[in-house]
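Spelled out from the first residue to the last, the chains are:
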Amino acid sequence: MNLADHWLFSYQALARHRLRSTMVLLAIGMGVSSVLLLTSIGEGARLYIEQEFSALGSKMLIVLPGKKETTGSAPPLYGTSPRDLTIEDAQALKKIPSISHVAPIIAGTASVSNQSLSRDIIILGTNRDMFTVRNLTVKQGRMLPENSETRATPVCILGAKLAKELFKKSSPMGQWLRIGEYKYRVIGLLKARGESLGLDLQDMAIIPVRSAQVLFDSPALFRILLQLKQTDFEINTRVNINKIIAQRHDGEADITIISQDAMLSAFNKIIVAVTASIGAIAAISLIVAGILIMNVSYISVSQRREEIGLLKSLGASAREVRQIFIISSLVITSFGSLAGLILSYSLVFIIQTNFPKIPLAIPWWSTIAAIFMSFIVALLFSWLPANKAAAVDPILALRG
Amino acid sequence: MTDNAIINISHMNKTYQVGEQPLHALQNIKLNIKQGEYLSLMGPSGSGKSTLLNMIGLLDRPDSGQYQLQGENTELLTEEQRALLRRKYIGFVFQSFHLIPRLTALENVELPLMLAGVKAKSRQERASKLLSELGLGNHLRQLPKQLSGGQLQRVGIARALITEPTILLADEPTGNLDQSSGQEVTDILERYNRNGITLLVVTHDIALGNRAQRQLNMVDGVIVSDTGLPINTTKPYQQLGSSS
Ligand SMILES: Nc1ncnc2c1ncn2[C@@H]1O[C@H](COP(=O)(O)OP(=O)(O)OP(=O)(O)O)[C@@H](O)[C@H]1O
Ligand SMILES: [Mg+2]
Numbered sequence: 138m139n140l141a142d143h144w145l146f147s148y149q150a151l152a153r154h155r156l157r158s159t160m161v162l163l164a165i166g167m168g169v170s171s172v173l174l175l176t177s178i179g180e181g182a183r184l185y186i187e188q189e190f191s192a193l194g195s196k197m198l199i200v201l202p203g204k205k206e207t208t209g210s211a212p213p214l215y216g217t218s219p220r221d222l223t224i225e226d227a228q229a230l231k232k233i234p235s236i237s238h239v240a241p242i243i244a245g246t247a248s249v250s251n252q253s254l255s256r257d258i259i260i261l262g263t264n265r266d267m268f269t270v271r272n273l274t275v276k277q278g279r280m281l282p283e284n285s286e287t288r289a290t291p292v293c294i295l296g297a298k299l300a301k302e303l304f305k306k307s308s309p310m311g312q313w314l315r316i317g318e319y320k321y322r323v324i325g326l327l328k329a330r331g332e333s334l335g336l337d338l339q340d341m342a343i344i345p346v347r348s349a350q351v352l353f354d355s356p357a358l359f360r361i362l363l364q365l366k367q368t369d370f371e372i373n374t375r376v377n378i379n380k381i382i383a384q385r386h387d388g389e390a391d392i393t394i395i396s397q398d399a400m401l402s403a404f405n406k407i408i409v410a411v412t413a414s415i416g417a418i419a420a421i422s423l424i425v426a427g428i429l430i431m432n433v434s435y436i437s438v439s440q441r442r443e444e445i446g447l448l449k450s451l452g453a454s455a456r457e458v459r460q461i462f463i464i465s466s467l468v469i470t471s472f473g474s475l476a477g478l479i480l481s482y483s484l485v486f487i488i489q490t491n492f493p494k495i496p497l498a499i500p501w502w503s504t505i506a507a508i509f510m511s512f513i514v515a516l517l518f519s520w521l522p523a524n525k526a527a528a529v530d531p532i533l534a535l536r537g
Numbered sequence: 027m028t029d030n031a032i033i034n035i036s037h038m039n040k041t042y043q044v045g046e047q048p049l050h051a052l053q054n055i056k057l058n059i060k061q062g063e064y065l066s067l068m069g070p071s072g073s074g075k076s077t078l079l080n081m082i083g084l085l086d087r088p089d090s091g092q093y094q095l096q097g098e099n100t101e102l103l104t105e106e107q108r109a110l111l112r113r114k115y116i117g118f119v120f121q122s123f124h125l126i127p128r129l130t131a132l133e134n135v136e137l138p139l140m141l142a143g144v145k146a147k148s149r150q151e152r153a154s155k156l157l158s159e160l161g162l163g164n165h166l167r168q169l170p171k172q173l174s175g176g177q178l179q180r181v182g183i184a185r186a187l188i189t190e191p192t193i194l195l196a197d198e199p200t201g202n203l204d205q206s207s208g209q210e211v212t213d214i215l216e217r218y219n220r221n222g223i224t225l226l227v228v229t230h231d232i233a234l235g236n237r238a239q240r241q242l243n244m245v246d247g248v249i250v251s252d253t254g255l256p257i258n259t260t261k262p263y264q265q266l267g268s269s270s
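One line per chain: the protein sequences are A and B, in this order. Take any residue in the first sequence, count from 1 to its spot, add 137: that is its number in this note's numbering. Take any residue in the second sequence, count from 1 to its spot, add 26: that is its number in this note's numbering.
None of these hints come from the bench; they were simulated from the model. Just to be clear, a hint being listed does not mean it is correct.
For lysine to aspartate or glutamate, the following EDC-like pairs were computed, each having C-alpha atoms within a straight-line distance of at most 20 Å [stated by the list, open to error]:
{"hint": "1", "chain 1": "A", "residue 1": "Lys276", "chain 2": "A", "residue 2": "Glu302"}
{"hint": "2", "chain 1": "A", "residue 1": "Lys305", "chain 2": "A", "residue 2": "Asp257"}
{"hint": "3", "chain 1": "A", "residue 1": "Lys525", "chain 2": "B", "residue 2": "Glu105"}
{"hint": "4", "chain 1": "A", "residue 1": "Lys232", "chain 2": "A", "residue 2": "Glu389"}
{"hint": "5", "chain 1": "B", "residue 1": "Lys145", "chain 2": "A", "residue 2": "Asp221"}
{"hint": "6", "chain 1": "B", "residue 1": "Lys145", "chain 2": "A", "residue 2": "Asp142"}
{"hint": "7", "chain 1": "A", "residue 1": "Lys276", "chain 2": "A", "residue 2": "Asp340"}
{"hint": "8", "chain 1": "B", "residue 1": "Lys155", "chain 2": "B", "residue 2": "Glu216"}
{"hint": "9", "chain 1": "B", "residue 1": "Lys56", "chain 2": "B", "residue 2": "Glu98"}
{"hint": "10", "chain 1": "A", "residue 1": "Lys320", "chain 2": "A", "residue 2": "Asp340"}
{"hint": "11", "chain 1": "B", "residue 1": "Lys114", "chain 2": "B", "residue 2": "Asp86"}
{"hint": "12", "chain 1": "A", "residue 1": "Lys525", "chain 2": "B", "residue 2": "Asp86"}
{"hint": "13", "chain 1": "B", "residue 1": "Lys60", "chain 2": "B", "residue 2": "Glu190"}
{"hint": "14", "chain 1": "A", "residue 1": "Lys204", "chain 2": "A", "residue 2": "Asp398"}
{"hint": "15", "chain 1": "A", "residue 1": "Lys204", "chain 2": "A", "residue 2": "Glu189"}
{"hint": "16", "chain 1": "B", "residue 1": "Lys114", "chain 2": "A", "residue 2": "Glu302"}
{"hint": "17", "chain 1": "A", "residue 1": "Lys298", "chain 2": "A", "residue 2": "Asp340"}
{"hint": "18", "chain 1": "A", "residue 1": "Lys320", "chain 2": "A", "residue 2": "Asp257"}
{"hint": "19", "chain 1": "A", "residue 1": "Lys231", "chain 2": "A", "residue 2": "Glu457"}
{"hint": "20", "chain 1": "A", "residue 1": "Lys366", "chain 2": "A", "residue 2": "Asp398"}
{"hint": "21", "chain 1": "A", "residue 1": "Lys525", "chain 2": "B", "residue 2": "Glu106"}
{"hint": "22", "chain 1": "A", "residue 1": "Lys328", "chain 2": "A", "residue 2": "Glu302"}
{"hint": "23", "chain 1": "B", "residue 1": "Lys147", "chain 2": "A", "residue 2": "Asp142"}
{"hint": "24", "chain 1": "B", "residue 1": "Lys171", "chain 2": "A", "residue 2": "Glu443"}
Isolated chain A, as found in the complex (with noise of 0.2 Å):
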């Protein structure tokens, strides 16, 4: 029997017991889209973030303190705990060519208040060049003052969240706040521009870093963004920050720095590890499929045994019987999966078209996945069914 032939011989057996047939066909349908829609969320979320990464600029290094050995060998003894990174650290990156901005950041949580108003919330001290390297722009007022690095002036920008549960109706431009034990003027309001690689900038005041230095009381930096003049200057700007710091700390480059391109790629690891767990959870339900298939197979094999008696009587060996019945499982199967496959693509056309701004994406490799997974639970269910089959004695068969 060619293939054609047994894809004929099945759907013809199929078609004859529609309800069993549809059922099976459905919960495979099923059993595909939950494991493409599920993982279409992940790769969504993925594609989000990388989106949210590429509107950063390519061109940013982040630099932290302390050095992070993933080389794997031992760490280097150290006198001294590593030194903190203060704004005279990042200031005398400026002198690296290829640099175009540096924004030192101090970040703290404090409470703000006005009159009875009052919230916990973060803190960012950094200056103007931060607004230029994470995009930002002030919907009214104006940004930190230019000497952000060298004074303590009393001045912030607020999140539009932030300013609307402070000041409710009445505008915040000039009024006073009082944030931690420090009073500061409002000088600027935030361009909503929403969630941004988790920080809620909506929900956060703005300050000069030196006034963070000393709201905080420490000169420690949580970390040093820069902007490059280009991107291949990187590998270059890498030792050049690393000498620099060096200089500074006894000679110690005791900072690891960040680029996007590595933060990009360690995200993207995590969430596709995620999405294909969830989609191996979602793959239980082919399983479920997979009983099913088993269970309309062995209703099938024993209402088929006279069919099965004759063609064996007519020259078909056990072999061909259990090819027969396996077959027959993944005709259904096929069908199955294409039903699946169109339910889910075309769901998320439809939420995509209709909601562009839910991140939705079926990953290739979880549509292939999905397909293989439902063949190989076809292949493996109907196999106990397909043997039964292949053992009817055709003699008792067609005594029947």
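Add chain B with the ligands to chain A, keeping to what the hints say.
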């Protein structure tokens, strides 16, 4: 007489264990069949006729004994090899037709060729030609439920003949048919026998059995008479044979 025999059976035994008692369905069967012979096999119910037919058709395996089909020893063959021999040499015609209800007459007749891997176009041509020969040219696309008993059996015969087997094994082919359609079916079988096919018919119908050139009679798993043998078998059962 074994030289030109297509079927060569000797010392064949088959015992079923029914409860405590062993049941000898076939006892020391010896049977040679030559190409083109027309045999009838008669005997009381339970005498082993179908069992013998299934042995010849390689659907069943004897407990002991030899069986050569077309000169080939079958005892040591695997199931796969036996299936292949069956496909090549054997055609079965059943009392209850055993047509697949979802398939049309044409598709039912095509089935053995489909199993053998013959291309769709050529098997359709062959099957419709054969069905036309059997007077079913106008019923190719009909499902079994739309056909009469006589028509069903003609489809069954066409299915058995389509692979051009050397021997046709018919187990009570007219058992479910009325007089006239039974006669039609018998005529067809005999026509193909005259064209060279070996025909073995199991029947309870004495008139039909008597039409065969060679008549076998079985009782309790033993062939008690065989008109094809010069001297009859040694067992003292001759009086039960209908024609010896
Ligand atoms: N699978 C089996 N298990 C037990 N006994 C069996 C089996 N197959 C056949 N027999 C017995 O073997 C004997 C011969 O059976 P067989 O079917 O060959 O008889 P038969 O001559 O064809 O009878 P009938 O004319 O009724 O068709 C019977 O007694 C039957 O009950
Ligand atoms: Mg019988």
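Given the proposed pairing of B/Lys114 with A/Glu302, does the C-alpha separation stay at or below 20 Å?
violated, 90 Å
20 Å limit on alpha-carbon distance, applied to hinted pair A/Lys320 and A/Asp340:
holds, 19 Å
For the pair supplied as a hint, B/Lys114 and B/Asp86, is the alpha-carbon distance within the 20 Å limit?
holds, 17 Å
20 Å Cα cutoff - pair B/Lys56, B/Glu98:
holds, 17 Å
With the threshold set at 20 Å, check whether the alpha-carbon distance from A/Lys204 to A/Asp398 stays at or below it.
holds, 19 Å
Are A/Lys366 and A/Asp398 close enough, with their CA atoms no more than 20 Å apart?
holds, 16 Å
Below or equal to 20 Å on CA atoms is what counts here, so check A/Lys320 against A/Asp257.
holds, 15 Å
Can the restraint linking A/Lys525 and B/Asp86 be considered satisfied, given a maximum Cα separation of 20 Å?
Roughly 18 Å between the alpha carbons, so the hint for A/Lys525 and B/Asp86 holds.
Against the 20 Å threshold, does the CA-CA distance of A/Lys204 and A/Glu189 hold or violate the hint?
With a Cα-Cα distance of about 27 Å, the restraint between A/Lys204 and A/Glu189 is violated, given a limit of 20 Å.
Quickly compare the C-alpha distance for A/Lys276 and A/Glu302 to 20 Å and report which way the hint goes.
holds, 17 Å
Are the Cα positions of B/Lys145 and A/Asp221 separated by 20 Å at most?
violated, 82 Å
Pair hint outcome, A/Lys525 versus B/Glu105 [Cα-Cα no greater than 20 Å]:
holds, 16 Å
The structure is inconsistent with the numbered hints 5, 15, 16 and 19, although it conforms to all the rest.
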